[in-house]
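Novice: Each chain, letter by letter, is given below.
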Amino acid sequence: MSDEEEFTALFRRHYPRVLAFVSRRTDQARAHDVVAETFATAWRHFARLPAEPLPWLYRVARNSLANEERAARRRARLFERMAGGGVPSAPDHAVSVVADAGLREALSRLSRLDREALLLIGWEGLDHDAAAHVLGCTAVTFKVRVHRARRRLARLLAAADQDQAPPPSRPYELHTAASQRGKSA
Amino acid sequence: MTEQDAMTRLAAANPVPDADVHDSATSTRALFLQRAVLAQPRSRRRGFFLPGPKWRYAVVPAALAAVAAAAFAVVNRTSPPPRPPVQAGASTATPRSILAAAATQAEREGPRGQFVHATGTVARIVHLGPGAGYDVIRVDTVQSVQPAAGLPGEGWLTIGERGSSVRPLTAADATAYVADGSPGPAELPAAGEQTLYPDLAGDEPYAGELGDLPDDPARTGPAMLAWLAEAGQELPPDPQGWLFRTGTKLLDTFTAVAGGADRAKIYRMLAGLTGVRTLDGGADPLGRPARALAYTATTPRHGLVEWQVYLGPDSDRITYTQAVVRQPGAANAGLPAGAVQYSAAVTAVTWSDKP
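Taken in order, these protein sequences are the chains called A and B. Numbering of the first sequence is given in my numbering, commencing with residue 1 and proceeding in unit increments. Numbering of the second sequence is given in my numbering, commencing with residue 1 and proceeding in unit increments.
I should point out that these hints are in silico values taken from the structure, not numbers from a laboratory. From the three backbone atoms N, C-alpha and C, an ideal C-beta is built for every residue, glycine too. One or more of the hints may lead you astray.
To be verified - A short list of chain B residues far from chain A (calculated; beta carbon distances all over 10 Å):
hint : residue
1    : L169
2    : T195
3    : E306
As the list claims (entries may be wrong) - Covered by chain A, according to a simulated footprint, are these stretches of chain B (three or more residues, beta-carbon under 8 Å):
hint : stretch
4    : 112-118
5    : 224-233
Between the sequences and the hints, there should be enough to build the whole structure, so can you do that?
Specialist: Following this line, the structure appears as structure tokens:
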């Protein structure tokens, strides 16, 4: 099988999931650009693709999305300087498209990395090893992160459902995280 | 609300169910993209050794000549003699003076090419066998190309693609290693994702933009820690240690893409840390002249570890990094004090306008 045939098979197998991954994180107009960039990168690096390339493709797509976000932030800062301030930051697309209001509120209170860890499990259906590859961390680190994130999400959802203000999270989270670190050691 | 309930609710809120994109690979848009991608040029690496003896024999002499020429150039540009008679000059320098000098060198670095090509090796201890088991050192080649001086572009890095090896850590390990059939690199358990520097301290990575960090050295470190807090990460229990390890990773020769001004900013931040000390000897573990810095801290599972960073004598490039176990912990209880948990050696650095 030639490289072109192998790449075509890879493309047919993974295009739907990469498109879904990106579409969950940005608008449709940008999604197709990011998917195109992702597969173009895959073709340039075809010789070095891992045997199971989906996490690698997700990671490339995620980097591409991050580059777009950085460029958008720079544009916003420039606009802010020109306009004299007052430009609100754009909400995370993955949060803004969630229809469940309580869940949307809870997700918005999670850190970006915690939220992404949960989405990789809950929406992409990845196992810990694959999700860790996407985030560029070890499986152990990811496991700890997703464990904490699940707990925080459940707590925030419970608070949102009871229509109560969530507890002051920072000191509590820091205390909890420090305790967990001690236990995991 | 249980955690499982929360995850079920999250899964149910998926805005793009897989079923919605199931047939998308055969859409007109997808087929157009596929053809467009295949029409693009790509890395020459895969097609380098095409099947066919004539072609291969024609390439080998040329390749050898190219490698020899490159090696000559590299040796003359970056590599010092293997074991020069270096005196212990580092002991008279302070971490602050070494790092301040590196910052100045980083700022002065003029354009040499659009891409930095670095080669070297990474080594790490792998524990094998049932029961008490034994330890081996796995060594992998590293090759990387990164955009130089903060220029935009895409870099790449490979670990082990040009060869790997395994050797026992101690004489006692050698006996067990032979009895176990002397397993090679391919027989070692998969370590998951390959990384240059195993995370022994449980550090959260810094992923903010270096350009956004304040130039004032007194504010650079706090700004990095503030970024962690803004990202919702826990603050490190030892901020100085986190800043040392994270800062030196941002300056890593294999992966760094920062420009001179940003590199200088990080060096000046490092110069303001407490707990950093110099190492005597004036040479790195390969015997090359170097200025060495170290930071020692207790890790959650790997005991007391000393992170050592070696800078080239006339540049701000980090040429060697290693983590030395001073007192083993739960995860490396069988290691002797002084064992090197992992190391990374940069053996050649060149610049070119080609990726």
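Novice: Among all the numbered hints in the text so far, which are the ones the structure does not match?
Specialist: 2, 4
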